[in-house]
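**Q** Could you build the full structure based on these sequences and the hints that come with them?
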Amino acid sequence: MAARETFGRLAALAIALIASAALALQLQLLVADFTERGETVASGVWRYFAFFTILTNILVALTTFGIAAGGRFTPNHSLVTGVTKNIVIVGLVYHFLLAALWSPQGAQYLADVLLHYAVPLSMLAYWLTLEPKGGITWRDGLMWLVYPAAYLVYALARGAFDGFYPYPFIDVATMGIEKVLMNAVGLVVAFGVIAQLFIFADGALGAAAMRRALR
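Take 168 as the starting number for the sequence shown in this note's numbering and just add one per residue.
There may be inaccurate statements among the hints.
[As the list claims (entries may be wrong)] With beta-carbon atoms standing in for the labels, derived distance ranges:
{"hint": "1", "residue 1": "359", "residue 2": "329", "range": "26 to 32 angstroms"}
{"hint": "2", "residue 1": "363", "residue 2": "170", "range": "31 to 37 angstroms"}
{"hint": "3", "residue 1": "229", "residue 2": "288", "range": "16 to 22 angstroms"}
{"hint": "4", "residue 1": "353", "residue 2": "180", "range": "34 to 40 angstroms"}
{"hint": "5", "residue 1": "236", "residue 2": "295", "range": "41 to 47 angstroms"}
{"hint": "6", "residue 1": "229", "residue 2": "195", "range": "16 to 22 angstroms"}
{"hint": "7", "residue 1": "267", "residue 2": "191", "range": "23 to 29 angstroms"}
{"hint": "8", "residue 1": "288", "residue 2": "208", "range": "29 to 35 angstroms"}
{"hint": "9", "residue 1": "171", "residue 2": "327", "range": "46 to 52 angstroms"}
{"hint": "10", "residue 1": "320", "residue 2": "295", "range": "28 to 34 angstroms"}
For the record, the hints were derived by calculation from the structure and aren't laboratory data. Because the structure is a prediction, the values reported are computed rather than measured. Ideal Cβ positions, reconstructed from N, Cα and C, are used throughout, including at glycine.
**A** If you want it as structure tokens, here you go:
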């Protein structure tokens, strides 16, 4: 058990370092792009924090650093599962809805792959194989909806302030508020469905682990 725990903490540290490196690279690239266009560093940083991808990767980094540190810094199972669900959704939405909209090159391609594929897949792999299972309920699923709902309010408020909407499906200026609200309902449903899948998987994997322990 001690060896498994040590391996889990090392794996979490690796994920934290990958996420941190990707976040730093994306920030540097975005700020450089803004300054090359004659805008300020602050404007680039402001834009950086508009994206659900960035905020969720930050949560992944903080969560996995907490797992790696252990002790009182260890996040509870519900938090780890909720963060995993959110970063998996980042990867799914990007792959199926957003990836075809642009063709990043060079360092931007690297940042893109790390943020949208490497971190989600590695976090999912950690959750499936190393995170202890069991105890997640529908109440946890409801709590997990607070973060995406809060992000939606945040993104729409930012857009109303500076006119920039980070994703086309919440672009009020282009689609209108009614269409955006319809999209928001669809997103909430998608988040809820994927949350239920995680809850089911948690229960099934937890029961399987219990049966193995009793043999």
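**Q** Is 28 to 34 angstroms right for how far apart the beta carbons of residue 320 and residue 295 are?
**A** holds, 31 angstroms
**Q** Does the hinted range 26 to 32 angstroms hold for residue 359 and residue 329 at CB?
**A** holds, 30 angstroms
**Q** Okay, residue 288 versus residue 208 on CB: inside 29 to 35 angstroms?
**A** holds, 32 angstroms
**Q** Do residue 229 and residue 195 keep their Cβ atoms within the hinted range of 16 to 22 angstroms?
**A** holds, 20 angstroms
**Q** Range hint 46 to 52 angstroms: satisfied by the CB atoms of residue 171 and residue 327?
**A** holds, 49 angstroms
**Q** Return holds or violated for the Cβ distance of residue 229 and residue 288 against the range 16 to 22 angstroms.
**A** holds, 19 angstroms
**Q** Kindly confirm whether 41 to 47 angstroms is satisfied by the beta carbon distance between residue 236 and residue 295.
**A** Violated: the Cβ-Cβ distance is about 22 angstroms, outside 41 to 47 angstroms.
**Q** Falls inside 31 to 37 angstroms, the C-beta gap from residue 363 to residue 170?
**A** holds, 33 angstroms
**Q** State, for the Cβ atoms of residue 267 and residue 191, whether the hinted interval 23 to 29 angstroms holds or is violated.
**A** Check passed, 27 angstroms falls within 23 to 29 angstroms.
**Q** Taking 34 to 40 angstroms as the hint, is the beta-carbon distance of residue 353 and residue 180 inside that range?
**A** holds, 36 angstroms
Consistency with the previously given hints fails for number 5 only.
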